[in-house]
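Trainee: Here are the chains, one letter per residue:
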Amino acid sequence: MNVGIQKIRVGTASCGIAAGAGAVLESLRTVARGIPMEETGCIGHCYAEPLVEVITTDGRSIFYSQVRGDEQSAEAILNLSEVGRFEVPAGRKAKELVKVMALAGRINPVSYEDYVAHDGYVALRRALSMRPEEVVAEVKLSGLRGRGGGGFPTGNKWGFLAAKQADQKILICNADEGDPGAFMDRSLMESVPHQMLEGMLIAAHATGATRLFIYCRAEYPMAIRHLRIAIEQIYEHKLNVIDGRELEIIIKEGAGAFVCGEETALIHSLEGKRGMPRFRPPFPTDSGWKGYPTMINNVETFGNIPLILREGGEKFASVGTAGSKGTKLFALAGDLKYPGLVEVPMGITLAEIVFDIGGADPNEVKAVQTGGPSGGCIPVEKFDTPVDYDSLRSLGAIMGSGGMIVIGRKRCMVETARYFLDFTHRESCGKCTFCRVGTKRMFETLCRITEGKGQLSDLDFLEDLGKKVRAGSLCGLGQTAPNPVLATLRYFRNEYLEHVEQHRCRALSCSALVDVKLDQSRCIKCKLCIKGCPVGAISDDFVVDNSLCTRCNSCIEVCPKKAIGRVEKGEGSTR
Amino acid sequence: MNKIEFTLDGKPVSAAPGQTILEVAAANGIFIPTLCREQRISKSTSCFVCVVRDRKTGRFLPSCSSCPAPGQDVDASSEEVQDMRRTALNLLLSEHTGDCEAPCTMACPAHASVEEYVRAGKNGDFLESLKIIKERIPLPMSIGRVCPRFCEKDCRRNVYGKPVAINDFKRLAADLYYDEYLETLPPETGRRVAIVGGGPAGLATAYFLRRNGVAATIFEAMPQAGGMLRYGIPAYRLPKAILDRELAHFDRLGVRFEYNRRLGENLSLDELKRDFDAVAITVGCWQASGMRCEGEELATQGIDFLRAVALAGNKGANPGKVVVIGGGNTAMDCVRTAVRLGSPDVNCFYRRTEAEMPAEKIEIHEAREEGVQFHFLVAPVSLRRDGDHLVLSCRRMELGEPDASGRRKPVPVPGSDFEVVADTVIAAIGQTTLAPAGLETDRRGNLRIAAGASRVADGVYAAGDCVSGAATVVEAVAAARVMTLEIISGFNGEEYRPEPQVNVSRGHWQSLKKENLVFLRTDVSEADREKQEFIPLEERRTTFHEVCHTMTPEQIRREGTRCIECSCTAKGDCKLRQHAERCGASPDAIPGEKLPVVYDTRHPVIIQDRGKCIKCGICVKVCSEVVNLSLLSPKRRGFFTYVGTAFDRGFPESCAECGECINACPVGALDWRLKK
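Heads up: the sequence lines are chains A and B, in that order.
Everything in the first sequence is counted per our numbering, starting at 26 for the first residue and increasing by one.
Everything in the second sequence is counted per our numbering, starting at 24 for the first residue and increasing by one.
For reference, chain A alone in the conformation it holds in the complex (with noise of 0.2 Å):
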C-alpha cells in the first residue's frame, strides 16, 4: 500500500493550520505509519489550504489540495490518488519568480540542519571572508529598497550605520506586520526562520553593530516561536559570534499598534515607552534606540539579503527595474480566485499580477488597493502600469509592505475607503492633531455620504483635509492615511457624486441607499428567508417590507435559490 512514498509534507503555517492542516496530520500521522512525516511552511497557495505534498519513492512531488482532516482523505492520498491533486495554476506558474520564498513550504522551519542543506549561512560565510564596506558595497550594487514600505535604498542606509563611530550601534528588524490582509514577512518567519536571522547578522557584520533586535508583533506567535528556536540554534552552532563580538539576538513582541511599524515609534515602544513617532531629524542612525546610532530594517528585506551575498549584487540587481530592483511579495487578498502570497519579478505589471497570478475576472475588477490603509486604489484602467516603488507613488498609491486587495465590480469605492479610514483614525497614535482628529473627521463624513446624507460640499472637505492631513502629520501613518480617499475621489469620483447626489451605491453595497427585493418568479416558498429574518421583515406571502427591513442579508444569506437580492433604492416594496 505505503509503497512509492519517501514522505509527506504538511503546510503547518499559520494559514495552514487556520485551514484545518492541524486535524490533516493528525488524521495522515494515524494512517501512514513509519512514512515520515514533515512539518513545513507556506507555499502561498492559501485558497488551496491544507496542502499535502506527497514525496515519492522516485522524486516526484505530488500535491494535494483542501485536503480534509478525515482517515478517508489520508487514505487517499497514501494510494496517490489521482483525485484532489494540485497543480500550480498555469498563469502562476508562468508570472512568478521565487527567489526569496524558495524554501518556504521546502523545508523544516525549525531545523537548522534542513536550512543549512539549502545553502543556508552559505551567504553569511562569504560575507564575513568580506571587509564590512565590501559588504556594504555588494548590498548597494544591488539596488535592494527597503521592503517595509518607504523604498529607502538599503546599502545607503547600512552605509549610515557603518560610518557611525560608537560604543554601541543597533540593529533592528521591523517584524510589526500591521496592515491589514499583509502576511509576507509573517510567512517568511514562519517559514524560513534562518533566512532573515542570517541577513541580520549579515548587517551586523556589515555595519558594526552590537546589538539585535527582533521587533515583532505578538500576534505572530508561530513566528516568534520558529524565530526563538532559530535564535538558539544560532547561539549553538555560534553564529553569532560576528567579528569576536557574541551578539545577542533579542525578540521583542509589540502589543498591537499599528503605528509600531513606523521606526521612532517602534524606537520608543522598544525603550518601554509608548509607541509615538517623534520628529525626524535626528534619524535612527544618528540617534536611535536609547540615542545609540540604529538602523532598522524589514524582514523581507533582510530575506533579501542572503540572496544578494549567494549570488552577487549585480546579478541580484539583473531582476526587476531601474530604479527597483529583485523580486518582491504580494500578498493577495480581495475578489479574484486565487488569493495567496506570490513573489513577482518587480517591474511586473499589475494586470499580470492580478490577472494572470490571481486569477481575478478581468470584467469583473474595477481597482486593486496597493499598500494596505496607507495605499491607494488603481483603477483597472491603470493595470499596465509596472509594479516599483517610482510607478505606484506617481499614481497616488504606494507600494506599502506587500499587501494587494482586488476590489470587483460589486464593491463600492466610497465604502472601501471608508473602511480603511475605519482603520487609520483607530490606529492613530493620538499625538498629530491632523492625524488624530482629521482622520476621524474624514472617516465621519465618508460615514454620512455612505450613509446617503452626504453633501456635495463635502468632497471638497475631504479632499482639502486629506491633503492637509497628509502635510501636517509627523510619521507615514498621518501621512499616508488619507491615501485611500484622495485616490479613490481621483478615479472613482462619479461613485462619490452618485452617492452625494442621486443617494445611489451602483454596488448595492451601502445599505441606507439599497432595497432588498424577492423574485417571485424564483421563489419556491420554503420560507427560510422569512425564519432567518430577525425583524419579521418578510410577509406571508413573500413580500420584503422595506420600511421594516435592516438589510442585515440573512435572507439573502440563506435563501436557496438566489431569489431574493439587493436592489436599487425605491425598488423594492415598502408596506
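It should be emphasised that the hints constitute simulated quantities derived from the structure, not laboratory data.
Hints may contain errors.
[Stated by the list, open to error] Straight-line alpha carbon distances no greater than 25 Å define the calculated DSS-like cross-link-like pairs of lysine-lysine that follow: (1) B/Lys26 <-> B/Lys66; (2) A/Lys124 <-> A/Lys362; (3) B/Lys617 <-> A/Lys492; (4) A/Lys492 <-> B/Lys79; (5) B/Lys658 <-> A/Lys298; (6) A/Lys478 <-> B/Lys617; (7) A/Lys552 <-> A/Lys542; (8) B/Lys154 <-> B/Lys698; (9) B/Lys658 <-> B/Lys598; (10) A/Lys435 <-> A/Lys542; (11) B/Lys537 <-> B/Lys698; (12) B/Lys658 <-> A/Lys277; (13) B/Lys554 <-> B/Lys384; (14) B/Lys698 <-> B/Lys598; (15) B/Lys66 <-> A/Lys315; (16) A/Lys315 <-> B/Lys658; (17) B/Lys66 <-> A/Lys298.
Start from chain A and add chain B according to the hints.
Mentor: Leaving out everything else, chain B in the frame of chain A:
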C-alpha cells in the same frame, strides 16, 4: 559656531545651530502660534499649529521642531500657512468639549461676566460685584429692575429646578454701592462726541466713551434724560427716583446734557458733524405702529399713553373700561398702568395665544394678578365712536401655518365678528424709529447701517432701538458699547474689527442632564431659588409704588451658593482660545463627534477634564522630565487618546501638587479646583 543663514518671510535671518525656526521667528518679531512647545521639556511636535512652509519643496514643517537648513526659504505667514494653522485649530476645537464662558454670559447681550459678579455676591463683596457688572452694564440700577433676564433663561441650573436669580445680584449691588462707586477714569483725549438721544443707548455710549477718555455731550429731545427708562417703562417697574440716582452718576462722569434739543427742530446733524469729532445717533423707537384698521385714529397709542402718565408724574384720568390691543411688553405696561389709574375693567386683546405673546411671562403673570383680563385669538377689525364710548369690532382668529418669525400665523375665522364697547382703546402693536432727516432707513423703518457695526454715514454712527427696532435696555447698552469701540477705532484710523469670541459650549441645558453638569464646588446649594418680596396686591393696584423689593444681602449670598460656576477655569489664559481668536478658527467650522465629558474631581485640589485636553503631551513630559515623577501618560489610541493617571486611579499620594502640569497646560484640561 557658524550661524545658519536662511530666509524667513522673505527676510534674511540667521540661526544659531540647534535653534528652531520657531525660536528664530520669535527673535525676529514674527509671530507663530504654538500649543505644544514648552521650553523646559523635549519637543512634543504634536499640535501642528506652528506649521511653516518650505517654499522650495512646498512641504509644511512644524517650526517648533524644525531647525533651518542653510539657504532654506521659509514661509511663516502666507494665507496658505494661515489656512493650515486655522485647520489645525478648527480640528482641535471640533473635539474640544466644555463651556469656555458660562452660558449666562453668552446669553447676556452685553456679555457681562455673570459668574464672576455672582461669585462676588455670594462672598458678600457687593462692591466688587458692581465693579464687574459695570464693565459691561453702565445702568445696573435700571437693568437690575427691568431686564428680561436673558442670562437666567440659559442658566445651567434650569437642568434641575429654577435658574439662579442673576438679575437680583445686579439690583442689590447697584442699590448698595452705585452712588459711591466711580470708576477710575483715564484723562480726556480731547476728542468729543455728540450723542443724539439720552436713552439707554445714548447714556451707555457716553459712559463707554468716557471710560476711553472721550468726552460726550448728550442732546435730549425731552426735558429729562432716560428715554424709555423715564417715559416708557412705568414707575412701578422702575421708580423715577432710582433713575435719577442712576443718572446723577453721569454728571460725575462729566457727561454734558442739553435738554429739549430735538434733531430737525432746534438741532441739525450738519451742525453736530461740524462741532464734534463724531456723532452717535441713539434716538430710539418712538413711533407707534398702526393697527391697520378702520378708525384706528380713535385709539390711543401705547407709548403716548405711557409717556403722558410719566410726564404727569404718574397721574392721569381714570380711563374707564380699557381695551389694550397687543401682546408685547408695552401692552403689559399699558394694562398695568390702566389698572393703577383706577380702571375697573382692563382687557388685553391679542391675536395669537398666550404661548406666542412676546411679553415676558412674569409681566403677564403680574398683570393677571392685578386683575387684567386676557382675550386671545382676537384681532381688531374697526373702531368707531358711539356717543361717549368707543366700539371696537373684533374678529376671532385661529392659528395657521408658521410665518417667517416661526410663530403660527393667526387666520381669521369667518363669521366670527363681534363688538366690544370700551371707554379707552390703546394700541400697543409695536414701535418704529422716527428717523432723523438725511439718514437712510431699512425696510422696517430703522436706520440702515452703511458700514461696520454702526456707521450710518461719514462720522455718524447709530445704535440701540433706532437700529434694531424696539428691544431691551441691555441690548441697547450692548450695541452702544460696540458703537463706542467702532468710534474709537475710527479716531485711531483703524478699521473696526468685531471682538473675536471663540466659545465652546457643552450645548443648551435642555440637552443636558444633572449628571452631565460639572460641579467644581462641592457646596452648590440644592435649595430653591430665593423669592422676591412683593408689596401687597392692593398697593400694587392703586399706586405706582415699585412692585417688589430688592433682595436682601442675606438672600443674595444664599442665592449665590446655587451657582454651579460652570465656566472654564482656564478661560482667562486658554491658549487654544487665544490662538483660535487670532487665527480666525471656530468651534463650528468642522462638525463631528466630540469627546465625552470625563471630569475627574477626585483629587481635592486638582481637576482633570479629558474633554478639554488637546493631547499636546506637555503635562506628561513636564511631570516626567521636570518633576521626575511620571504620573501622567497618554492612553488608548486614535481619536480616543487621552491623558490619564496610572490605571485611571487619579493622582496618587506621591503627587507633589506642585502645579507644574497645571501651569504648563495650554488649556483647562488640568487645573486647580478653585476658581479665583
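Trainee: Failing hints, ascending?
Mentor: Violated hints: none; all satisfied.
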